[in-house]
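Assemble chains B, C and D onto chain A, guided by the hints.
Number of protein chains: 4
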Amino acid sequence: MQRSYIRYAKYYRTGRRQVKIGSQTQRSSAISASNAGTILVRGLDLAGQLMGQVSFTDHFWLLLTGGRPSAAQRRILDATLVAIAEHGLVPSVQASRMTLAAAPEALQGAVAAGILGCGSVVLGSSEVAGRFLSEVHERRGAAGSPEDSIAAVIGEYRAQRRAIPGYGHPLHTGADPRAQRLLQIAADCGCAGAFCALARQVEQALPKYLGKSLPLNVSGAIPAVLLDAGFPLLALKGVPILARTAGLIAHLLEEQLRPIGFVMSHAAAAAIDYDGPRPAGFEPDEA
Amino acid sequence: MQRSYIRYAKYYRTGRRQVKIGSQTQRSSAISASNAGTILVRGLDLAGQLMGQVSFTDHFWLLLTGGRPSAAQRRILDATLVAIAEHGLVPSVQASRMTLAAAPEALQGAVAAGILGCGSVVLGSSEVAGRFLSEVHERRGAAGSPEDSIAAVIGEYRAQRRAIPGYGHPLHTGADPRAQRLLQIAADCGCAGAFCALARQVEQALPKYLGKSLPLNVSGAIPAVLLDAGFPLLALKGVPILARTAGLIAHLLEEQLRPIGFVMSHAAAAAIDYDGPRPAGFEPDEA
Amino acid sequence: MQRSYIRYAKYYRTGRRQVKIGSQTQRSSAISASNAGTILVRGLDLAGQLMGQVSFTDHFWLLLTGGRPSAAQRRILDATLVAIAEHGLVPSVQASRMTLAAAPEALQGAVAAGILGCGSVVLGSSEVAGRFLSEVHERRGAAGSPEDSIAAVIGEYRAQRRAIPGYGHPLHTGADPRAQRLLQIAADCGCAGAFCALARQVEQALPKYLGKSLPLNVSGAIPAVLLDAGFPLLALKGVPILARTAGLIAHLLEEQLRPIGFVMSHAAAAAIDYDGPRPAGFEPDEA
Amino acid sequence: MQRSYIRYAKYYRTGRRQVKIGSQTQRSSAISASNAGTILVRGLDLAGQLMGQVSFTDHFWLLLTGGRPSAAQRRILDATLVAIAEHGLVPSVQASRMTLAAAPEALQGAVAAGILGCGSVVLGSSEVAGRFLSEVHERRGAAGSPEDSIAAVIGEYRAQRRAIPGYGHPLHTGADPRAQRLLQIAADCGCAGAFCALARQVEQALPKYLGKSLPLNVSGAIPAVLLDAGFPLLALKGVPILARTAGLIAHLLEEQLRPIGFVMSHAAAAAIDYDGPRPAGFEPDEA
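Residue numbers (our numbering), protein chains in the order written: chain A, 1 to 287; chain B, 1 to 287; chain C, 1 to 287; chain D, 1 to 287.
Do not take every clue at face value.
What the hints assert, rightly or not - Coverage of chain B stretches by chain A, computed from C-beta distances (three or more under 8 Å per stretch; other residues unrestricted):
| id | stretch |
| --- | --- |
| 1 | 40–54 |
| 2 | 256–262 |
| 3 | 268–281 |
For the record, the hints were derived by calculation from the structure and aren't laboratory data.
Every residue gets a Cβ at the ideal spot worked out from N, C-alpha and C, and that includes glycine.
Just chain A, same shape as in the assembly (with noise of 0.2 Å):
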């Protein structure tokens, strides 16, 4: 079961994508065959094996890695999907239900369009701040310490303008209290080794470079984690997306029955002035 796991273990580390294993024209996928009894998953069945004996958390480590998830892993996963499932009327939640609001025959629509907001600088950071501690991490042998790899890629980051992900919230600007618990449960659990400590090694370098403390927030803490306990660098960012689908679910079933979309999107509009030409005595409506 392990099997495929440990094959593709080095790639996970790397983050290297579209890597072609074999020929290019590999044409095999290892994660589900079915016939008219049976449904197969990562090898295992579906109805006999799985349905009832294990968590969709266990099923979604199975998914991924093709072998089940550690007591560790399992609550380590756990609570980085409940850790950003919610918080509350983010613009990911406003667009999915303004989205529902107007097209209300298509659940599916509203959900992908709050997806859609989980990029590179809202909500999926995990992604990139996955990808700057793992760059840190590979460089440590030879830049020779800590120290020297962070100040390296730190340096690469502000040379191209880049934010360094994972640090500082807008709301939470003492400290995040999310990024806190998920360090205390992987300690809690054994499991914070190499990328915790960097992620922490990090928060504290941060004033030598920025000239201000930043601390670090939840998509720096969800990739420290996740990383120090085997889970795959390329499936990353599907954390905050899992996690957040859960929360628009529930925000589309309240809009259901108790809708604001329509609300917030005139608040919205009635923040903005327009500015562009307009014709003599035309007086734009109070939105």
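Structure of chains B, C and D alone, referenced to chain A:
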């Protein structure tokens, strides 16, 4: 904690959309609130009371209903999510993998493309099946017996040339192993009630109306066990959407490691002939 | 060139979906074919016969129907696309701009989020309005007069508690200037026929059924003028989708130069109160 | 009318994103404003000055730039939109048709699924090709000659293992007929300038760097002719997105009349083998 669940419970049953509670200008949400130090989700402290203590499935139930699931509710929700997360290279997975092959910069876009295929015909039919079962259930009183309400609703569907949702499967023609297993788990949990019974009664009645038997499929069993467990009708489609998101992420991880998006696209194009007009001498390329 | 248009013409009128021409296993497409040197679109050489010689609007008509538009058809299609492309910071535009703010790496994702708001309630109601007009039109024979078929179809809509699509506008309460202008252009072109007449007759009849007058809106006028021009009923929703895509791209260009996505999102969140449970002493942050 | 175009013109050239004009808290938009009787678009009365008088292509240019196109600008924009609207059963079209087959209730969802495949690798590469040409163009001064700036930028791309965008095509290996035709149209219009020249010079230089020739493709020619025509760099990806939306709508009309979504999906699945673990005796179904 259960207050908001109780308040909405009647709407969960009737499946009425866009009920305006209070005035039309209600402008409230009851899901989440935050300040600099705390994030509340359904009134609970996210970092202090939820992360590390509840599973993602518990959290999904909490987000939807405002309350924590019982052990039976958790087991049934887990089983439905595990049941529908993955079924091989189905259209939604193909759309998603082809989209990532074309646009590797946006994993969220590839997930969204897959979710958009969670429609009324494929994958998302749990919702329409749940509405069908609810219609039969609601009319039981007036009609005097399940047989009569089944006859009445099936008659209306057939008059509108609509398929009876939740029955029949192109591959699992004898029986859908996932449907069988879901009903068994509900019975094991002591949670099989009126909707599970109706799902079976409809299955037995179908040959009389259709001239052939059509076994209950996974999209019919999901609403049966979830409605008996108290899951909100208006969120039923969220179950295949959330579940399939997990499967899509696994496929998108594999697509990065062992790409098949363009291979599938080539085969799909090669299966279709061009039968439009063409100038003399033009020969289309073999796709 | 007109062959395939003629072949499908009867389906355009009836709006029947998923008609299987020939056997159920038909596997052909008539839109495009290529070889190394030539790309055919609807049988014409794309580079040699279309590029540089036809407008994008002509090309859209050709793609849909297999034939070139007349001058009147072109003018009417252009007018509908211009009419519906842009109407300020409406929900679809807000969703799109917020999505780009969160995920600037994928312009296509932001456009998709906007298009998903082209639904049956807002923006995409040209389709449902076209179906309404077609139902009224088809029953005219049987019912003896337009008045009777209007009464019959409105009666059915009201029995199902459905709004009459294509009438009324929250901002343009007196008259929708776009609807007036579209009917005028159709008349100027000599292209105003049965559907334009019906749209007016329904407008005049509505007070009798609704107790108030509701003026024809742009989503009612678009199907009226397009169906009279021979545009396919099953592609009607494509007109607001294509038109709004142009508007979305303009907004996404402006969002890159003068971002307002987060400003709008902040204002929208601030308009909504949290009314869920909270622990003693918790004060939500002002959004 | 040209004022806002002039104001932004320098940003169009440099392609710098998220430029904050004025303070960070600017909250204005210059595209559209309305009151009960009038809709302004870029300062013009939509019903009175645009509908019936301008083509959709003119309107797209106006929406983007705030000004009307010249005859040459219109002809070039039309030619690029016509060039890229349709190229047969490519991945985006397949994703779109499969999505409609699964979810026929939401045409907008099927269009969105197709647009999401307008990525950096396929279909959407006009944007990255435009950035490449702009980089070469901007460095010309410093580098002394086009040859040197071409060498410098190609060197950087190759150092980062990035493909040179806008060159080579899997089917049109000799020459892409659309690219040839676009350059010819630009020359006919008197609109071929520095970017068209650079596109040719890069094509001629490539064999020296790559060891083989790669002809300019349509996604390289589109930015060349549009940038010479004054089209904003940051909206380049909007051209394939808008154009392909027209093609997708034609395919979705055909999918309703002559469905092939499931036929394509079946063929795509059949092309892929399952190579994961399986229990003894399990035989997967032929897809």
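message = When the structure is checked against the list of hints, which entries are broken? Sort them ascending.
response = As far as the earlier hints go, only 3 is violated by this structure.
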